[in-house]
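Line order of the protein sequences matches chains A and B.
Take the first sequence: its position 76, counting from 1, is numbered 76 in my numbering, and each next residue is one higher.
Take the second sequence: its position 106, counting from 1, is numbered 106 in my numbering, and each next residue is one higher.
The set of hints was computed from the structure by calculation and includes no laboratory data.
Hints may be right or wrong, so weigh each one.
[Said to hold, decoys possible] Pairs of lysine-lysine, BS3-like flavour, derived with a Cα cap of 30 angstroms:
| no. | chain 1 | residue 1 | chain 2 | residue 2 |
| --- | --- | --- | --- | --- |
| 1 | B | Lys40 | A | Lys73 |
| 2 | A | Lys3 | B | Lys40 |
| 3 | A | Lys112 | B | Lys52 |
| 4 | B | Lys52 | A | Lys102 |
| 5 | A | Lys3 | B | Lys36 |
| 6 | A | Lys73 | A | Lys3 |
| 7 | A | Lys73 | A | Lys112 |
As the structure is a computational prediction, the values presented were derived from the model and not from experiment.
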Amino acid sequence: AQKITQTQPGMFVQEKEAVTLDCTYDTSDPSYGLFWYKQPSSGEMIFLIYQGSYDQQNATEGRYSLNFQKARKSANLVISASQLGDSAMYFCAMRTTSGTYKYIFGTGTRLKVLA
Amino acid sequence: ETGVTQTPRHLVMGMTNKKSLKCEQHLGHNAMYWYKQSAKKPLELMFVYNFKEQTENNSVPSRFSPECPNSSHLFLHLHTLQPEDSALYLCASSQDAGTYEQYFGPGTRLTVT
Numbered sequence: 001a002q003k004i005t006q007t008q009p010g011m012f013v014q015e016k017e018a019v020t021l022d023c024t025y026d027t028s029d030p031s032y033g034l035f036w037y038k039q040p041s042s043g044e045m046i047f048l049i050y051q052g053s054y055d056q057q058n059a060t061e062g063r064y065s066l067n068f069q070k071a072r073k074s075a076n077l078v079i080s081a082s083q084l085g086d087s088a089m090y091f092c093a094m095r096t097t098s099g100t101y102k103y104i105f106g107t108g109t110r111l112k113v114l115a
Numbered sequence: 001e002t003g004v005t006q007t008p009r010h011l012v013m014g015m016t017n018k019k020s021l022k023c024e025q026h027l028g029h030n031a032m033y034w035y036k037q038s039a040k041k042p043l044e045l046m047f048v049y050n051f052k053e054q055t056e057n058n059s060v061p062s063r064f065s066p067e068c069p070n071s072s073h074l075f076l077h078l079h080t081l082q083p084e085d086s087a088l089y090l091c092a093s094s095q096d097a098g099t100y101e102q103y104f105g106p107g108t109r110l111t112v113t
């Protein structure tokens with residue numbers, strides 16, 4: 001079965017520090033994509049970063065990096081130099097390419113950045 | 001307007017009502033999606049349209065009926081809903097269904113009374 005697991009319902013981080021949000025996944029498909037979305041209180045989901053299953057290097061987008069460990073089936077999001085505006089819900093998601101396009105989301109982690 | 005817009009932003013309806021949610025994307029994308037976000041549950045993909053053709057229906061009850069008249073517009077027609085259907089309904093679009101990056105609208109907060 002395909003599944004995304006986010007075990008941290010809530011996290012706190014001090015402003016300007018780095019934080020890691022955990023994500024593990026399960027799939028038997030050889031080809032898949034992993035991505036992270038941010039959802040502020042306004043409700044809109046904002047795409048942050050993407051990692052393909054065949055990508056050799058970890059994805060980075062500005063202050064966001066994805067720590068991809070394929071053997072452990074983990075795709076943790078690292079946010080460096082946290083800002084107050086980073087306070088939001090963060091969702092890890094997976095899309096597989098076998099058959100129809102299946103998008104699966106985790107339950108999310110609520111991040112609170114402290115001043 | 002830019003990006004993905006959704007109307008209305010909030011909707012309260014009775015179980016016998018019929019209403020529609022509207023989504024419009026101004027990104028020139030060819031794939032559009034409906035998601036349901038309930039409290040403390042993962043985001044659930046409901047429907048996928050690729051080049052106006054429905055390619056995915058994740059066992060959604062027939063009281064939800066999607067419509068995609070063109071690549072820029074997506075509707076979700078609602079009738080005889082149940083209280084458990086109360087949720088945030090998010091629309092998204094992507095270049096096509098094979099593209100990973102999706103752009104989401106702000107959602108419609110639906111309450112069924």
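Results for each hint:
A hinted pair counts as satisfied when its Cα atoms are at most 30 angstroms apart, and B:Lys40 with A:Lys73 qualifies at roughly 23 angstroms. At most 30 angstroms may separate the alpha-carbon atoms for a hinted pair to count; A:Lys3 and B:Lys40 meet this at roughly 16 angstroms. Taking the CA atoms of A:Lys112 and B:Lys52, the gap is about 40 angstroms. The hint is violated against a cut of 30 angstroms. Under the criterion of a C-alpha separation no larger than 30 angstroms, the hint pairing B:Lys52 with A:Lys102 is consistent with the structure, at around 18 angstroms.
About 17 angstroms separates the Cα atoms of A:Lys3 and B:Lys36, which keeps this hinted pair within 30 angstroms; it holds. Proximity of A:Lys73 to A:Lys3 is assessed by CA-CA distance (about 11 angstroms); at most 30 angstroms being required, the pair is judged to hold. With a C-alpha separation of about 26 angstroms, the suggested pair A:Lys73 and A:Lys112 falls inside the 30 angstroms cut-off, and the hint holds.
This entry does not satisfy hint 3, going by the numbered hints stated previously; all others are met.
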